[in-house]
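Residue numbers (the working numbering), protein chains in the order written: chain A, 1 to 257; chain B, 1 to 257; chain C, 1 to 257; chain D, 1 to 257.
Some hints could be false.
[As the list claims (entries may be wrong)] No more than 30 Å apart at the CA atoms, straight line, and that leaves these computed lysine-lysine pairs for DSSO-like:
(1) D:177 <-> C:113
(2) C:134 <-> C:117
(3) A:2 <-> B:45
(4) B:2 <-> A:113
(5) A:2 <-> D:2
(6) A:2 <-> C:117
(7) B:45 <-> A:177
(8) D:117 <-> C:45
(9) B:16 <-> B:246
(10) A:142 <-> B:42
(11) D:63 <-> B:117
(12) A:80 <-> A:2
(13) B:16 <-> B:142
(14) A:63 <-> C:142
(15) D:63 <-> B:177
(16) B:45 <-> A:117
(17) C:113 <-> C:16
(18) A:113 <-> C:177
(19) D:134 <-> C:63
(20) A:80 <-> A:45
(21) C:134 <-> A:63
(22) A:117 <-> B:16
(23) D:246 <-> B:246
(24) A:16 <-> A:113
(25) D:63 <-> B:150
(26) D:206 <-> D:113
(27) D:206 <-> D:42
(28) C:42 <-> D:142
(29) D:63 <-> D:80
(30) C:63 <-> D:132
[Stated by the list, open to error] Okay, the calculated beta carbon distance ranges per label pair:
(31) B:226 <-> D:127: 55 to 63 Å
(32) B:157 <-> D:154: 44 to 52 Å
(33) B:229 <-> A:220: 50 to 58 Å
Simulated from the structure, these hints should not be mistaken for laboratory data. Cβ coordinates follow ideal geometry from the N, Cα and C atoms, glycine included.
Listed below, chain by chain, are the residues.
Protein chains: 4
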Amino acid sequence: MKETTIRELVNVSLRKPVLIEGLPGLGLVGKIAVRYMIKLLKARKMAYLYSPHFPYFVIVNRKGTVRLLRGTFYYWKNDKGDNDLMMFTGDSQAQTIEGQYEISNRILDFAEKHNVKTIITIGGYRVETEEKPKVIAVATNKELLEMALKANATLNTSSIPIVGTAGLILGLAPLRKIDALCLLGETRGYLPDPKAAKSILEVLVKILGINLDLSGMDEEISRAERIIARLKEIEERRALQIEELKREESKKVTYIA
Amino acid sequence: MKETTIRELVNVSLRKPVLIEGLPGLGLVGKIAVRYMIKLLKARKMAYLYSPHFPYFVIVNRKGTVRLLRGTFYYWKNDKGDNDLMMFTGDSQAQTIEGQYEISNRILDFAEKHNVKTIITIGGYRVETEEKPKVIAVATNKELLEMALKANATLNTSSIPIVGTAGLILGLAPLRKIDALCLLGETRGYLPDPKAAKSILEVLVKILGINLDLSGMDEEISRAERIIARLKEIEERRALQIEELKREESKKVTYIA
Amino acid sequence: MKETTIRELVNVSLRKPVLIEGLPGLGLVGKIAVRYMIKLLKARKMAYLYSPHFPYFVIVNRKGTVRLLRGTFYYWKNDKGDNDLMMFTGDSQAQTIEGQYEISNRILDFAEKHNVKTIITIGGYRVETEEKPKVIAVATNKELLEMALKANATLNTSSIPIVGTAGLILGLAPLRKIDALCLLGETRGYLPDPKAAKSILEVLVKILGINLDLSGMDEEISRAERIIARLKEIEERRALQIEELKREESKKVTYIA
Amino acid sequence: MKETTIRELVNVSLRKPVLIEGLPGLGLVGKIAVRYMIKLLKARKMAYLYSPHFPYFVIVNRKGTVRLLRGTFYYWKNDKGDNDLMMFTGDSQAQTIEGQYEISNRILDFAEKHNVKTIITIGGYRVETEEKPKVIAVATNKELLEMALKANATLNTSSIPIVGTAGLILGLAPLRKIDALCLLGETRGYLPDPKAAKSILEVLVKILGINLDLSGMDEEISRAERIIARLKEIEERRALQIEELKREESKKVTYIA
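Please build the complete structure, drawing on both the sequences and the hints.
Below you can see the structure in the form of structure tokens.
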């Protein structure tokens, strides 16, 4: 394996598939959202993507078995709508610039092979807020952008860069006549953020016109919020201690002087 | 896209074209100068250059649309002179050594294909000065250097390296029997420097024998100077405060000792 | 040599060979274990592996001769059992991500060529302990894992990554229908650790069903332990001195305040 | 130029040529020695080596002309002896591991093409000494090593790595049935060291059996020594000042306490 390669696991024919991509990134927003979709839709494995640009370690689970870092494509047959779905998530982003381009292009190769005309990528957008996370939409064409805005996504008001696979796919897709939309969930980014992922999914189900019960995410969200609350407490206590220490120090100095 | 590739947008035949190159670098001198030329000459897009050696993010604009980092070739038909012009600028330099060589070579491939015999690259040269920026000329042959000196460029008096695409093109061009000239505008380099870019353009129009009204740059220059003046003020106030603080400190110390 | 290449030194036909791999890593556990096996079994050189991903220096010995960094394959004909052995060790791991994947794949190419169906890789696992080092087993299939557990290896109870060639081989082997087992010896990791290597070998000889007198390692182990004891002494003395210094300092401060 | 390439400048047929290599490295020993030989022998340019693994800048001289970083092969017809000479030096070492291997291999390709059977590489060896620099010899075979020892080189008594092209050529040459010797001049390494280069050349002329008046190097050596003496003075004065400052400080502290 000198290059990124895809191993197909099943031979499946999909109707007008839309590809949803979410790799680990800021707040793990993309990965959490796509994994939740896969779970709820009972989507099935379609192919593995291996790459020499992933980090050079393997993952061992508690049963003592082991596997290479990889990305996985899933598919879901949509009985009630026009578009079947393909989903892609994985263990890691590429570790080099060239690797980032190579992996994005392999994903697009695979999408082309399965006649994907639309790709939706998911990521996080760093914001210091405690309100309900907004979902920012960016697209390669206006129709797609309009669809996202109607589904309650918002337009970004300043020029921003989108880093990594979620961004590069948007940049590379038009070269292959594929439309692409990126949904970025607002997140503080330093912890897994299921709340931002839920906001994304609320927009996504409207765009796709599918039913998905997102209430199951609320437990995960509460757990994440309890962790954040605890970290805040620790942080505040430490700030207080430092404050006190400084006062003590300044007393000494005043005394000497 | 495993390698740097060029996508031609139009089929155009140019008469003895000269290529002007200016990518982002010190003080953005090259990019500002080339962009200004493109705007004034109403030059048209000719081709895009994409590369896996550019940074791995995409650029989003305020309308929510998105594009890959790229370089763009422009052309301008020169009705009054012998040489049509090609211009090249872009979002970024390559991020790796190998990428720098690859992109410079792709630019030269494209130049060769269009029978370019002369290339002029533009960059910045770091100097701490507040006078009118000088323009330093470096060339692969003497005739070209003479032309630049006659157009008020100056010779550098010490041995200097020219980093990045503006330099590598000069190094690589002779291997393809292409002449190349590099014009470096003096700049302090830490802010976009339209003044240095204007100095470059004053030399360039003389060399090329074309008419270009550069007065439109003056507004941009004033704006840049106001920013610099404000930054200086802030800097000086901070220096004063530090000075004062030190005096206070030294009083205390004297007192103790 | 643009890529990792293998130079075969002899033409040898092996019966159902098992490949044992141990490159330098944490505590040098893998390299020490494999080198000891090679010595005791009087295994013979089979091939060299050279790579442009090894560090760019050469090794000079005291006689003034010199050689490239390399890996070496050895073989041993097993007269009393079903499986001949191949062993691989070397001077260094690859220095880049892509190099790590490339070297692991070349090792697997060579294994495939010689009909290897099972590979055992050896590494270290960082633990702060002074007890007899445990041996953790990780495998690509259950039978192999069971064999290791029966030979006194233990299951890891948390999810761990295995970094470097020992890990990547496990990740890549299944793509070629090769089974692989990784034995990780507990080690503090910052010094060559023959004790951890011996623990590995105790498990390994049981799995392979071969006789190997490991008592020869005890001298090396005592020497390593004497070095550790001495380092500890130095460390403790330094800690005491720092303690004392701090007390002196605090006296002064108390006095001033 | 995607890869390191060699451009031949002349068509020359050499008798049993020996190749001497000296790129910039520790104390610039190799480059100084080879450049001095080229100058004295009035050796002529034979070929340029260009590489995308050199740093990405170009060198401008005071006349405003410019060139790519490169290596240069020279040749010298030896009328009085059996072996003509080829010499190689350049502006820089490769900047990446893969580049180091690639450039060393291109040098060997060129050597093979011209039927070189023996290569002598030159480098520096870091030692804190003020005595006459010794020359350490390392070789791929015993005869070559013996020749060097007879010419007053010494054997290194500990195992050392030789970093960079001078080392890699020694490692790679045997794979092509070429013998290679490396001469390392003792140097403190942080300044250009013509004294170490002279020691190398004294050994080299004996090995090659050629006449070379090395007295011309003495002026350069005196100049280098004057610089070192001055730096030492500055260093000592600074050390004194620091000493004094510390004494002042300790007085104050004593006073307070």
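Results of checking the hints against the structure:
1. Taking the CA atoms of residue 177 (chain D) and residue 113 (chain C), the gap is about 27 Å. The hint holds against a cut of 30 Å.
2. Under the criterion of a C-alpha separation no larger than 30 Å, the hint pairing residue 134 (chain C) with residue 117 (chain C) is consistent with the structure, at around 26 Å.
3. A hinted pair counts as satisfied when its Cα atoms are at most 30 Å apart, and residue 2 (chain A) with residue 45 (chain B) does not qualify at roughly 37 Å.
4. This hinted pair checks out: residue 2 (chain B) and residue 113 (chain A) have alpha carbons roughly 18 Å apart, not beyond 30 Å.
5. Note on residue 2 (chain A) and residue 2 (chain D): the hinted pairing holds, with a Cα-Cα distance of about 18 Å set against a maximum of 30 Å.
6. At roughly 22 Å between alpha-carbon atoms, residue 2 (chain A) and residue 117 (chain C) fall within 30 Å of each other, so this suggested pair holds.
7. For the given pair, residue 45 (chain B) sits about 20 Å from residue 177 (chain A) by alpha-carbon distance, which is consistent with the 30 Å threshold.
8. Using a Cα cut-off of 30 Å, the hinted pair residue 117 (chain D) and residue 45 (chain C) holds, with the two alpha carbons roughly 27 Å apart.
9. At roughly 65 Å between alpha-carbon atoms, residue 16 (chain B) and residue 246 (chain B) are farther apart than 30 Å, so this suggested pair is violated.
10. With a CA separation close to 27 Å, the supplied pair residue 142 (chain A) and residue 42 (chain B) stays within the 30 Å bound.
11. Restraint check: the Cα-Cα separation between residue 63 (chain D) and residue 117 (chain B) comes to about 22 Å, which is no more than 30 Å; the hinted pair holds.
12. Using a Cα cut-off of 30 Å, the hinted pair residue 80 (chain A) and residue 2 (chain A) is violated, with the two alpha carbons roughly 42 Å apart.
13. Taking the CA atoms of residue 16 (chain B) and residue 142 (chain B), the gap is about 20 Å. The hint holds against a cut of 30 Å.
14. A distance of roughly 9 Å separates the Cα atoms of residue 63 (chain A) and residue 142 (chain C); the hinted pair therefore holds under the 30 Å criterion.
15. With a C-alpha separation of about 20 Å, the suggested pair residue 63 (chain D) and residue 177 (chain B) falls inside the 30 Å cut-off, and the hint holds.
16. The suggested pairing of residue 45 (chain B) with residue 117 (chain A) holds, with an alpha-carbon distance near 27 Å, which does not exceed 30 Å.
17. Annotation: proposed proximity of residue 113 (chain C) to residue 16 (chain C) holds, straight-line Cα distance about 12 Å (limit 30 Å).
18. Taking the CA atoms of residue 113 (chain A) and residue 177 (chain C), the gap is about 27 Å. The hint holds against a cut of 30 Å.
19. Taking the CA atoms of residue 134 (chain D) and residue 63 (chain C), the gap is near 17 Å; set against the 30 Å cutoff, the hint holds.
20. For the hint pairing residue 80 (chain A) with residue 45 (chain A), the CA-to-CA distance comes to about 21 Å; that is within 30 Å, so the pair holds.
21. Using a Cα cut-off of 30 Å, the hinted pair residue 134 (chain C) and residue 63 (chain A) holds, with the two alpha carbons roughly 17 Å apart.
22. For the hint linking residue 117 (chain A) to residue 16 (chain B), the alpha-carbon distance of about 43 Å lies beyond 30 Å, and the restraint is violated.
23. For the hint linking residue 246 (chain D) to residue 246 (chain B), the alpha-carbon distance of about 20 Å falls within 30 Å, and the restraint holds.
24. At most 30 Å may separate the alpha-carbon atoms for a hinted pair to count; residue 16 (chain A) and residue 113 (chain A) meet this at roughly 12 Å.
25. Restraint check: the Cα-Cα separation between residue 63 (chain D) and residue 150 (chain B) comes to about 15 Å, which is no more than 30 Å; the hinted pair holds.
26. Straight-line distance between C-alpha atoms of residue 206 (chain D) and residue 113 (chain D) comes to about 27 Å, which keeps the hinted pair within the 30 Å bound.
27. Between residue 206 (chain D) and residue 42 (chain D) the alpha-carbon distance is near 19 Å, which keeps this suggested pair within the 30 Å criterion.
28. Taking the CA atoms of residue 42 (chain C) and residue 142 (chain D), the gap is near 27 Å; set against the 30 Å cutoff, the hint holds.
29. A C-alpha spacing of about 39 Å is found between residue 63 (chain D) and residue 80 (chain D), which places the hinted pair above 30 Å, so the restraint is violated.
30. Pair hint residue 63 (chain C) plus residue 132 (chain D) holds up; C-alpha atoms about 23 Å apart against a cutoff of 30 Å.
31. Taking 55 to 63 Å as the suggested C-beta distance range, the pair residue 226 (chain B) and residue 127 (chain D) conforms, at roughly 58 Å.
32. Distance hint check: the CB atoms of residue 157 (chain B) and residue 154 (chain D) are about 46 Å apart, consistent with the given range 44 to 52 Å.
33. Checked against the hint of 50 to 58 Å, the C-beta distance between residue 229 (chain B) and residue 220 (chain A) comes to roughly 53 Å, which is consistent with it.
When each numbered hint is compared with the structure, violations occur for hints 3, 9, 12, 22, 29.
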